[in-house]
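Trainee: Taking the hints into account, I'd like the entire structure generated from these sequences.
2 protein chains.
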Amino acid sequence: MSKANELSASEAARRMAAGTLTSVELVKDCLARIEARDGDVQAWEYIDPAYAIEQAEQADAERASGKSVGPLHGIPVGIKDIIDTADMPTENGSPMFRGRRTNHDALCVAQLRAAGAVILGKTVTTELANIAPSKTRNPHNLGFSPGGSSAGSGAAVGDNQVPLALGTQTGGSVIRPASFNGIYGLKPTLGLIPRAGVLLQSHTLDTVGVYGRSVEDLGLIGDVLSAVDPDDRWSYRGSRGRLSDMVGETPPATPTFAFLETPAWDHAEDDAKAAINGVAERLGAQCRKETLAAPFDEIIDLHATVMAAEDLNYYGAFLEKTPELLSPQITERLEAAKSIRADRYIDALIKRDEINRSLEDLLARYDAVLCLSSAGPAPEGFKTTGSAIFNGLWTYLGVPCVSLPKLIVRGMPMGVQLVGMAGDEGRLLRTAKWLDEFLA
Amino acid sequence: MSKANELSASEAARRMAAGTLTSVELVKDCLARIEARDGDVQAWEYIDPAYAIEQAEQADAERASGKSVGPLHGIPVGIKDIIDTADMPTENGSPMFRGRRTNHDALCVAQLRAAGAVILGKTVTTELANIAPSKTRNPHNLGFSPGGSSAGSGAAVGDNQVPLALGTQTGGSVIRPASFNGIYGLKPTLGLIPRAGVLLQSHTLDTVGVYGRSVEDLGLIGDVLSAVDPDDRWSYRGSRGRLSDMVGETPPATPTFAFLETPAWDHAEDDAKAAINGVAERLGAQCRKETLAAPFDEIIDLHATVMAAEDLNYYGAFLEKTPELLSPQITERLEAAKSIRADRYIDALIKRDEINRSLEDLLARYDAVLCLSSAGPAPEGFKTTGSAIFNGLWTYLGVPCVSLPKLIVRGMPMGVQLVGMAGDEGRLLRTAKWLDEFLA
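Chains W and L supply the protein sequences, listed in that same order. Here the first sequence stands for residues 69 to 508, where the numbers follow the numbering used here. Here the second sequence stands for residues 69 to 508, where the numbers follow the numbering used here.
Hints listed in this document are in silico derivations from the structure and should not be mistaken for laboratory results.
If chains are identical, the list can't say which one is meant, so a pair holds when it fits in one copy or spans any two.
BS3-like cross-link-like pairs, simulated, lysine-lysine; straight-line CA separation at most 27 Å:
| # | residue 1 | residue 2 |
| --- | --- | --- |
| 1 | K419 | K389 |
| 2 | K406 | K419 |
| 3 | K203 | K389 |
| 4 | K71 | K96 |
Mentor: This is the structure we're talking about:
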């Protein structure tokens with residue numbers, strides 16, 4: 069029998085509801101796994117085992133008292149260390165924030181607590197959720213990168229140390245670690261999950277996302293986290309059904325997929341191309357190769373322009389005041405961003421709307437876009453966190469993306485990415501569930 | 069007895085409803101005034117008297133038939149020549165667009181037609197609604213500027229050539245001509261009036277505004293023009309009462325005013341300062357001098373940054389393709405905008421939200437901000453269209469502004485400006501009506 073730490077969050081929740089599993093049992097199994105592995109994987113920036121067990125005991129006591137409980141009652145969750153927590157430090161992966169504590173939870177952490185979750189600890193982030201690699205190792209092979217910037221969250225879920233974790237994506241920081249660590253990841257529509265209390269590097273890109281051990285898990289935690297933040301101009305204000313309901317539905321017709329190589333295709337490894345082509349072939353008539361009209365061909369540069377300009381706006385003060393506390397990688401990026409002209413940035417924002425209109429037209433004819441989650445599996449060594457070139461374009465468009473751990477390339481896991489219509493993660497997850505079973 | 073062209077739009081509409089005035093009589097009086105004066109004032113870029121009378125005859129016939137009619141039925145309106153009309157050329161004040169015709173109306177023109185208005189003709193705009201002066205002259209003294217960029221609309225209403233006209237404001241292009249030409253002007257909340265079919269130079273600033281001969285006129289045409297444009301990210305989507313109802317209401321308490329000198333104060337002429345100080349003194353305890361916290365002190369530069377960067381984005385292609393068709397003034401502006409860094413532009417957009425929050429706090433305690441409509445009365449000669457320094461700051465904030473023609477400085481008219489809460493032009497107009505009568 070598998071240990072509780074290997075269960076999906078959904079299955080653990082079902083067992084707790086049935087009385088066959090307690091939160092303390094689950095949390096202890098997670099802690100034991102962490103104890104055994106964290107010296108190698110190094111996924112956690114902060115964890116206090118006694119405090120985690122205390123939260124689990126309280127969850128079990130509340131359930132035993134007959135109180136009504138939330139959908140994540142007693143389920144442990146890992147929190148990327150750029151997301152504020154009232155009871156643990158938040159260091160943003162930077163010596164500038166060493167020992168930093170806030171007296172408030174980020175809104176998304178408060179939502180998790182309100183749903184009954186156990187906040188297990190803080191997971192390692194790359195420096196300021198940017199490109200310089202972190203100390204975390206890939207649990208599938210310790211000589212390989214776990215990706216970034218949500219390195220610890222991806223590795224911890226991938227190593228069965230915790231069933232759920234939060235990440236954030238500005239380039240490819242949710243989907244890429246999902247791909248490299250062999251787990252399920254959802255980067256939702258821009259602004260679906262509130263960003264208040266999360267380190268801000270790019271207001272038009274930064275998106276809080278989630279990791280889990282099944283598509284069902286993504287819907288479970290996605291429902292808990294969706295909310296409008298009236299103070300955030302980019303908060304998603306459209307309508308949205310209950311994700312858990314949609315995940316459980318059988319699609320009304322066999323789903324269809326628009327296979328997009330995307331302008332990143334030339335950067336993909338041959339093995340990765342072969343792997344995704346294999347998926348397309350298995351789907352047969354349900355999958356057609358498509359493309360999008362110009363300016364889609366410029367999309368990689370457009371994302372880079374927006375990200376660099378906004379990064380410089382938010383991090384420029386660090387560069388001025390404490391340049392010695394920044395890595396060479398981020399320093400070089402910020403310096404380069406000084407050459408970006410305002411009108412080019414505006415142009416990139418305007419073209420986003422234009423490309424989104426053609427993507428909407430495409431998705432009127434298909435259930436989802438099918439593409440690579442990453443240019444290849446996790447890179448060997450720790451010079452980089454790997455390429456985010458298959459992610460930045462979708463982050464730029466603000467549309468929801470799911471990564472399914474369905475490929476093995478040269479012995480390492482790699483994801484299949486599905487992309488949906490803004491605000492329609494319900495349909496996206498339903499389609500993802502179908503594909504997950506189809507490729508099982 | 070006054071001629072019909074001297075009536076306010078509201079009074080003309082009442083007389084038509086009562087059967088004591090026809091649209092043909094009104095339009096003919098307007099055309100006679102134009103015939104007599106346009107050689108001097110030069111407010112019209114395009115006008116076809118026969119076609120105007122034809123529209124008026126049709127309006128009269130419709131009314132006679134017993135058909136239900138709209139609130140502007142039979143009322144002539146002048147349209148700034150950067151606003152598309154299906155039946156007249158739209159030349160954007162530039163040789164690049166000479167003879168340009170579109171086969172559609174701008175949404176705001178379609179709204180006017182649906183309300184029964186007679187589209188009298190197209191009024192002169194400065195080149196591309198920017199700073200280079202136009203041929204139009206100030207009707208109060210032909211040696212003086214009418215302001216810009218809505219020069220023709222301001223002068224035509226100021227000279228009793230038409231009771232209502234449309235303008236647009238990116239810097240000070242609605243309120244400044246209102247001030248210089250001695251008329252009532254409303255620059256509403258950003259996005260209250262749809263911009264589809266209007267020359268775009270700055271999506272975060274460009275605002276369609278209106279001129280009339282009374283506060284009541286501003287409410288009458290404002291109601292007709294308010295609508296959500298779902299394709300415009302900056303369209304105002306908040307709630308709003310009926311402006312005409314609010315204008316007719318007695319304020320529940322005697323209105324109070326926050327007198328803001330604003331960071332533009334040092335640029336105001338001494339006579340202008342004395343004039344607005346006189347208004348504040350007459351208001352006594354109802355008016356208090358206030359200020360706003362930093363970064364309000366930077367607001368003039370912040371507006372300039374946003375406007376220049378967006379101008380370059382939209383007009384940069386003209387500079388590349390046909391520089392010989394641009395004036396030296398706009399060329400110099402666009403060239404200078406190339407030095408604006410993207411992160412500075414982003415910073416300016418973020419600070420806008422910050423300043424708006426402190427303005428909201430202020431307007432929770434007052435009915436309106438009181439300030440100058442312009443740095444002085446119309447400048448003599450035609451080297452510039454005058455300073456817009458008292459306008460750009462409010463355009464940047466996207467808040468509604470009214471100009472009331474209540475001051476005379478060195479024999480020329482000048483406006484008192486009231487500024488309200490975003491989306492609350494109803495209260496602003498009610499307050500403006502009160503002040504208009506108080507200062508009568």
